[in-house]
Amino acid sequence: MISSRVIIAVLYVLLAPFVIGLLDGFDRKISARMQGRKGPSVLQPFFDLKKLFEKEFLTANKTQLFMIYSYVFFIILSGVIFYAGFDLLLVVFSLSTAAMFLILASTSTHSPYSAQGTHRELVQIMSCEPMELLVAVGFYLATKTFNVSEVVANSVNSNIIYLPGFFVGFVFILTIKFRKSPFDIATSHHAHQEVIKGVTSEMVGKEYGMVTLAEWYENAILLGIVGLFFLNSNPVSFVGAIIAILVVWFLEILIDNTSARVKWQLMLKLAWGVTIVAAGMNLFLLEIIMG
Amino acid sequence: MSTIHKSPWLLHYDGSSCNGCDIEVLACTTPVYDVERFGVINTGNPMHADIFLVTGGINSQNAPVVKQIYEQMPQPKVVIAVGTCACTGGIFKECYNILGGADTVIPVDIYVPGCAARPESIIDGVVKGVALFKEKAAALEASQKAN
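Heads up: the protein sequence lines correspond to chains R and Y, in order. Residue numbering for the first sequence follows numbering that gives the first Met the number 0, beginning at 0 and increasing consecutively. Residue numbering for the second sequence follows numbering that gives the first Met the number 0, beginning at 0 and increasing consecutively.
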């Protein structure tokens with residue numbers, strides 16, 4: 000049992016960038032087809048990443064690189080905690096610590112574009128964090144444990160039955176977490192937008208490459224949490240979890256391609272609104288049923 | 000061998016022109032021409048850019064801007080002057096404020112003439128720029144190894 004947990008954690012560290020990078024490649028291909036274009040190769044994200052590491056390294060502040068190393072470290076640590084089946088609450092806290100290092104990295108250069116991106120990143124964190132914490136709380140109420148491996152082993156049915164509201168709320172904040180339109184306000188994915196590249200504006204070459212890599216590791220955790228809603232003690236549920244992850248991933252691409260960017264005020268209202276209504280109602284009902 | 004040429008990110012700056020070339024550059028990213036199929040991304044950030052695409056002539060006001068953008072781009076980098084104005088100053092050449100083409104302030108690698116430059120010729124210029132980008136990357140790697 001313990002050895003299988005170690006293997007899953009090691010597989011996460013080794014394979015997450017390849018799997019998420021490939022999903023990202025298909026994302027760009029599908030987006031291009033939705034827009035009537037041919038689109039780049041599905042391996043494009045890997046070419047981009049490799050190029051970033053080959054570029055000359057210019058930096059305004061040496062501290063930035065250290066902060067980015069810490070960001071990558073804490074993201075991978077959160078992933079290891081999650082995939083090795085430890086405490087879900089600890090995963091959420093570790094992800095917040097990682098986000099703090101990203102904020103420190105982007106503020107260390109004093110660029111106005113970085114600063115604006117940082118402010119927006121902080122608003123994004125404020126929008127997402129309550130829902131992330133509530134997901135952990137939801138799993139606790141449904142299974143009486145925060146431990147990821149016990150959540151899976153102790154569940155006869157998939158927890159989505161008890162936690163539909165939490166699932167809706169979590170999928171909603173995933174759009175923000177994946178930096179997709181309408182919520183791509185901290186790092187714009189397109190030129191001619193007022194924040195240039197927001198938090199990543201001043202990150203050059205390998206720094207930007209590392210941030211991209213960290214985002215891939217983080218997305219692997221988030222998609223893993225989506226899967227956790229569908230996993231139960233029956234190994235067949237693994238197939239259901241994979242299908243659910245792919246459906247959610249496709250939904251995010253669809254939303255990205257059919258919506259315009261919103262202001263941060265609306266993002267905050269929507270995110271908190273959905274969190275309070277969907278997760279709040281679910282929490283309330285779960286308390287009554289389980290309590 | 001390096002795959003660096005498969006991911007050229009463009010930075011587009013419009014100097015003082017009629018905006019004709021500007022529109023044609025944007026046309027390259029539309030479904031008809033779709034430069035993204037070569038891995039090209041139109042980025043707004045000089046620090047992430049590999050290819051600097053200049054349209055329009057250089058005047059005394061935008062000369063320092065163009066210089067600064069060029070200096071902020073990390074090596075290896077390629078500069079492409081798109082349109083007659085960016086190549087020589089074009090019909091604005093004799094104006095009191097115009098210094099001339101992009102090569103009056105920064106070294107230009109590739110010239111794409113035309114008034115306005117057609118999307119086909121811009122893509123041709125970018126493809127040539129990508130080939131040069133690959134050469135420059137190899138040269139940079141060789142020089143780093145030598146040091």
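None of these hints come from the bench; they were simulated from the model. Since the structure is predicted, the reported quantities are computational estimates derived from the model, not experimental observations. Cβ coordinates follow ideal geometry from the N, Cα and C atoms, glycine included. Each hint should be verified, as a subset may be incorrect.
Unchecked claim - Beyond 10 Å from chain R on every Cβ pair, some chain Y residues (computed):
no. : residue
1   : F37
2   : I109
3   : R117
Claimed, not checked - For lysine-lysine, the following BS3-like pairs were computed, each having C-alpha atoms within a straight-line distance of at most 27 Å:
no. : chain 1 : residue 1 : chain 2 : residue 2
4   : Y       : K127      : R       : K49
5   : R       : K205      : Y       : K135
6   : Y       : K92       : R       : K37
7   : Y       : K135      : Y       : K92
8   : Y       : K133      : Y       : K92
9   : R       : K49       : Y       : K144
10  : R       : K205      : R       : K28
11  : Y       : K144      : Y       : K5
12  : R       : K262      : R       : K179
13  : Y       : K66       : R       : K37
14  : Y       : K133      : R       : K37
15  : R       : K61       : Y       : K127
16  : Y       : K144      : R       : K205
17  : Y       : K5        : Y       : K92
18  : Y       : K133      : R       : K28
19  : Y       : K133      : Y       : K5
20  : R       : K28       : Y       : K127
21  : R       : K205      : Y       : K92
22  : Y       : K66       : Y       : K127
23  : R       : K28       : Y       : K5
24  : R       : K37       : R       : K179
25  : Y       : K66       : R       : K205
26  : R       : K179      : Y       : K5
27  : R       : K49       : Y       : K135
28  : Y       : K5        : R       : K37
29  : R       : K205      : R       : K179
30  : R       : K205      : Y       : K133
31  : Y       : K5        : R       : K205
32  : Y       : K133      : Y       : K144
33  : R       : K49       : R       : K179
34  : Y       : K92       : R       : K49
35  : R       : K179      : R       : K28
36  : Y       : K92       : R       : K61
37  : Y       : K144      : Y       : K92
Q | Ascending list of hint numbers which this structure does not respect | A | 1, 6, 7, 8, 13, 15, 17, 21, 34, 36 and 37
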